[in-house]
Amino acid sequence: MAEHIDENQKHVLEEALEQFVDAQLQGQKPNIDEFVKQYPEIEDKLRQKIRNLQKIDTLFDSLVHANESDFEDEDTVIRNELVGRKIGSFEIVEMIGRGGMGVVYLARDTKLKRSVAIKSMPVELQADSTARTRFRREAELLASLNHPNIAAIYEIIEQDEGAGYLILEYVPGETLTQCIAREPLKLEEALSIGRQVAEAVSAAHEKGIVHRDLKPGNIKITPEGNVKVLDFGLAKVSVDEGRSAETTVTQPGRVIGTPAYMSPEQACGKPTDKRSDIWSFGCVLYEMLTGHLPFDGETATEILARIIEREPDWEVLPQEIPANIRVLLRRCLEKDPHRRLRDIGDAAIEIRETLNLPATAPPVNIPAKLRRVAVIICAAVIIVLCAIGVRFILEQPAQPSSQEIRLVVLPFENLGPAEDGYFAAGITDAITARLAGIRGLGVISPQSAMQYKGREKSSRLIGKELGVDYILEGTVQRERPSDTTSRVRIIPQLIRASDDRHVWADTYDNDMSEVFRVQSDLAERVAQALDVTLLEPERRALASRPTENIEAYEYYLRGNEYSYRSVLENDKRIVIQMYEKAVELDPTFALAYAQLSRAHSGMYWRYYDRSEERLAMAKQAVDKALELDPDLPEAHLALGHYYYQAHLDYERALE
Amino acid sequence: MRNSLTNKTQNLVALAKHGDESALNQLWKVYGARVHWIMRLRMGRELRSKLDSMDLAQDTLVSALEGLGEFTYKNEGDFLRWLATIAENRLRDNLDKLHADKRDIRKEVRLDDYGPTTAGGFVRTPGPIDATTPSVIMSRKEELDKLEKAIDQLKPEYREVIVLTKIEGLSYKEISERLGRSSDAVRKLVSRAIVALTSVFESD
Numbered sequence: 070m071a072e073h074i075d076e077n078q079k080h081v082l083e084e085a086l087e088q089f090v091d092a093q094l095q096g097q098k099p100n101i102d103e104f105v106k107q108y109p110e111i112e113d114k115l116r117q118k119i120r121n122l123q124k125i126d127t128l129f130d131s132l133v134h135a136n137e138s139d140f141e142d143e144d145t146v147i148r149n150e151l152v153g154r155k156i157g158s159f160e161i162v163e164m165i166g167r168g169g170m171g172v173v174y175l176a177r178d179t180k181l182k183r184s185v186a187i188k189s190m191p192v193e194l195q196a197d198s199t200a201r202t203r204f205r206r207e208a209e210l211l212a213s214l215n216h217p218n219i220a221a222i223y224e225i226i227e228q229d230e231g232a233g234y235l236i237l238e239y240v241p242g243e244t245l246t247q248c249i250a251r252e253p254l255k256l257e258e259a260l261s262i263g264r265q266v267a268e269a270v271s272a273a274h275e276k277g278i279v280h281r282d283l284k285p286g287n288i289k290i291t292p293e294g295n296v297k298v299l300d301f302g303l304a305k306v307s308v309d310e311g312r313s314a315e316t317t318v319t320q321p322g323r324v325i326g327t328p329a330y331m332s333p334e335q336a337c338g339k340p341t342d343k344r345s346d347i348w349s350f351g352c353v354l355y356e357m358l359t360g361h362l363p364f365d366g367e368t369a370t371e372i373l374a375r376i377i378e379r380e381p382d383w384e385v386l387p388q389e390i391p392a393n394i395r396v397l398l399r400r401c402l403e404k405d406p407h408r409r410l411r412d413i414g415d416a417a418i419e420i421r422e423t424l425n426l427p428a429t430a431p432p433v434n435i436p437a438k439l440r441r442v443a444v445i446i447c448a449a450v451i452i453v454l455c456a457i458g459v460r461f462i463l464e465q466p467a468q469p470s471s472q473e474i475r476l477v478v479l480p481f482e483n484l485g486p487a488e489d490g491y492f493a494a495g496i497t498d499a500i501t502a503r504l505a506g507i508r509g510l511g512v513i514s515p516q517s518a519m520q521y522k523g524r525e526k527s528s529r530l531i532g533k534e535l536g537v538d539y540i541l542e543g544t545v546q547r548e549r550p551s552d553t554t555s556r557v558r559i560i561p562q563l564i565r566a567s568d569d570r571h572v573w574a575d576t577y578d579n580d581m582s583e584v585f586r587v588q589s590d591l592a593e594r595v596a597q598a599l600d601v602t603l604l605e606p607e608r609r610a611l612a613s614r615p616t617e618n619i620e621a622y623e624y625y626l627r628g629n630e631y632s633y634r635s636v637l638e639n640d641k642r643i644v645i646q647m648y649e650k651a652v653e654l655d656p657t658f659a660l661a662y663a664q665l666s667r668a669h670s671g672m673y674w675r676y677y678d679r680s681e682e683r684l685a686m687a688k689q690a691v692d693k694a695l696e697l698d699p700d701l702p703e704a705h706l707a708l709g710h711y712y713y714q715a716h717l718d719y720e721r722a723l724e
Numbered sequence: 003m004r005n006s007l008t009n010k011t012q013n014l015v016a017l018a019k020h021g022d023e024s025a026l027n028q029l030w031k032v033y034g035a036r037v038h039w040i041m042r043l044r045m046g047r048e049l050r051s052k053l054d055s056m057d058l059a060q061d062t063l064v065s066a067l068e069g070l071g072e073f074t075y076k077n078e079g080d081f082l083r084w085l086a087t088i089a090e091n092r093l094r095d096n097l098d099k100l101h102a103d104k105r106d107i108r109k110e111v112r113l114d115d116y117g118p119t120t121a122g123g124f125v126r127t128p129g130p131i132d133a134t135t136p137s138v139i140m141s142r143k144e145e146l147d148k149l150e151k152a153i154d155q156l157k158p159e160y161r162e163v164i165v166l167t168k169i170e171g172l173s174y175k176e177i178s179e180r181l182g183r184s185s186d187a188v189r190k191l192v193s194r195a196i197v198a199l200t201s202v203f204e205s206d
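Protein sequence lines correspond, in order, to chains A and B.
Under the numbering used here, residues 70 to 724 are what the first sequence spells out, in order.
Under the numbering used here, residues 3 to 206 are what the second sequence spells out, in order.
Chain A on its own, in the form it takes in the complex (with noise of 0.2 Å):
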């Protein structure tokens, strides 16, 4: 009977709870009190019920919300309240990251309709005046870098009470460290993203911005594949203001950064300069192509141990990386400062020689621009026009100078059979170099003009590009009427960058035998109507014929063809093949001699042949070439790189 009542007592209680539940569900929030009231009987019971009710929508809130206790109070995370409020035309949007420097913010450009990221300088630095003053100093140094590879800086912003803002370029996309992450990249990609860096690096370096913070944290990846080093200088203000490397690392609880990409001089302590930069990006670098870090360990002070005393394995180096790359790398995460790469601009230029621009378009994440950059690869050109030597691929002055007009060579289009590429190009190079060679002109180098192979962009946005007032392209053909005539036919064009007016435009239809006459008179034609007057000496310059043998001539053009292709060695051996060939046709052509020699110089840099026997050739062959033709620039280019290369001879290599 009493187990009956208990039933019956169980059934009205449920029911009395599952009214109370579906006054919840509709939305009421019927009172515990006046509703237990209804139920004399069972109130107590009623009551326990639906205290029962309540620990489990507890238990459940708990589970899907946070607590606020759960959350360290961390300061960064708490210091947000920044966040909606507004900057000038700024609106922050939120948290994107912190660090050393402080906090970062996306924010919303309200007037130009545009994101940004905005930096707040560290609360520690607001109240002294002296930091502030260095702040807007290096705020200043920034703007003035204006590169494709910095995420540039917009504006600075201080306010009364002492706080200061940077606003910056937002850069969207991943962090290097996420792509590394992701999966391990591929050569070609990591060479890309590596020539982008040291391009940037290398633009601050030349103004005197040291980086001091390297690491694939600061370098961002666009959707579109290109490369952004963030965080310019910025390092350096929140270095000085007393919070060294020592304390970063060491602060407990403090995720400040990582010291993996830290120099060994940086490590112990010691002042740093630009030669830190050059060790970080080797480390970033080593990263990029093994996917592990050159320095490991569990903690920090396991990593800057490893980083002074230890040699990164170099046999995690995948086979496929060139041995130039191998090298670089080791001139990079070299301990000593005074043994390291000098210039990290060097770098830029061994990358870019290895990923072989000229004979691969486009290739990955290079974007077409960088004018600057044009400048340097430039070097060639200059080179040719100046017989100084490696120094100018090193120093070369960003800027030429006003007055000069500026030009550039297009890839000549081969109209005829594929195989006679190397030819079309041949023609291109020889023109551009007697160009070069015309005071008043200034060419852009062949390896920048390459990008445009093929073009499909208007002559107005090439001249932006590469900063050109002018622009000569052009189609050549080669004719083989029977074995033993030859036929060339070239049609030059010469463009107004500034209104794609064609200024002047010929056809050459002649033997073989005349290519040279041809060029000469091509560039001639080409001064005459940009009203260039030409000198004398320049005008025998211009008349020169480097070889009487058009056969030597021929392959002299497919050893070329096969340098500029890849840095691979059987390519390499073509190469010396080919020049030997062109010797051998014409013993007293002194500008394949040089070229023999470089490529000697070359198996040797590259580690493809350490021997002796391979220094004496490059040495011979340049000696040789210098016998015939003292002047002649090439040979002093190669004398200058066998110098460097052989010998790692700076000094000998620059005089």
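Keep in mind the hints are simulated off the structure, nothing from the lab.
Remember, it's a predicted structure, so these values are computed and weren't measured experimentally.
Quick reminder that beta carbons are idealized off the backbone N, C-alpha and C, glycines included.
Just so you know, not all the hints are guaranteed correct.
[To be verified] DSS-like, lysine-lysine: derived pairs with alpha carbons at most 27 Å apart:
no.	chain 1	residue 1	chain 2	residue 2
1	B	190	A	404
2	A	276	A	255
3	B	151	A	124
4	B	157	A	182
5	B	175	A	98
6	B	143	A	124
7	A	114	B	175
8	A	106	A	79
9	A	339	A	404
10	B	148	A	79
11	B	151	A	79
12	A	114	B	151
13	A	79	B	190
14	A	650	B	190
15	A	650	A	688
16	A	106	B	175
17	B	157	A	693
[Unchecked claim] What the simulated footprint calls covered on chain B by chain A, stretch by stretch (three residues with Cβ under 8 Å from a Cβ of chain A suffice, anywhere in the stretch; the number is not a length):
no.	stretch
18	29–42
19	154–163
20	186–200
[To be verified] Partial list, computed: chain A residues near chain B (C-beta under 7 Å):
no.	residue
21	87
22	121
23	125
24	536
25	560
Once you have looked at the hints, place chain B on chain A.
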């Protein structure tokens, strides 16, 4: 209070999205155990017995967080449910592959309910996540165990609506749309399920 908490989660999510590892670790500390529990409650005893491993939950979560790139933060509950859904989908997909190489599984996060969240963003996989800090959720372990047992005893229909209302946070109207039943009937079903859960919970 809840507002500042939302801000914190939102900040951490934003930071983690942009590659900040310590933010990711903190998110795990706050949400890891919760997701683990939510998954347990949702899956029921049978499924749970096959994959009851904190390791797996962690592994799953980390891969879920890799999809943060496209996640748009609305509120803190959303974030947690989003995590739980990813985690659960992943586990379901891979139940029979449990013994296969975890690294391979990692790439197959599918997010049925929340759209293409895996594209684009990526969060670096951190080392072993330090979950030693006791959180509120850890201190409730006994009660949660009890709740889990109670839910297990419910008939499947009840369990489903409990999960939908209490964990997924759906209203009975939303559930009626999802199940294609009248809202009155669903409201009744939900009330009964809750009453049944309360009874089982206290009798334990």
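Hint check:
no.: 1; hint: B:190 with A:404; result: violated (75 Å)
no.: 2; hint: A:276 with A:255; result: violated (32 Å)
no.: 3; hint: B:151 with A:124; result: holds (15 Å)
no.: 4; hint: B:157 with A:182; result: violated (55 Å)
no.: 5; hint: B:175 with A:98; result: holds (18 Å)
no.: 6; hint: B:143 with A:124; result: holds (14 Å)
no.: 7; hint: A:114 with B:175; result: violated (31 Å)
no.: 8; hint: A:106 with A:79; result: holds (17 Å)
no.: 9; hint: A:339 with A:404; result: holds (13 Å)
no.: 10; hint: B:148 with A:79; result: holds (21 Å)
no.: 11; hint: B:151 with A:79; result: holds (21 Å)
no.: 12; hint: A:114 with B:151; result: holds (23 Å)
no.: 13; hint: A:79 with B:190; result: holds (18 Å)
no.: 14; hint: A:650 with B:190; result: violated (95 Å)
no.: 15; hint: A:650 with A:688; result: holds (18 Å)
no.: 16; hint: A:106 with B:175; result: violated (30 Å)
no.: 17; hint: B:157 with A:693; result: violated (96 Å)
no.: 18; hint: 29–42; result: holds (count 6)
no.: 19; hint: 154–163; result: violated (count 0)
no.: 20; hint: 186–200; result: holds (count 9)
no.: 21; hint: 87; result: holds (5 Å)
no.: 22; hint: 121; result: holds (5 Å)
no.: 23; hint: 125; result: holds (6 Å)
no.: 24; hint: 536; result: violated (35 Å)
no.: 25; hint: 560; result: violated (48 Å)
In terms of the numbered hints stated before, the structure departs from hints 1, 2, 4, 7, 14, 16, 17, 19, 24 and 25, listed from lowest to highest.
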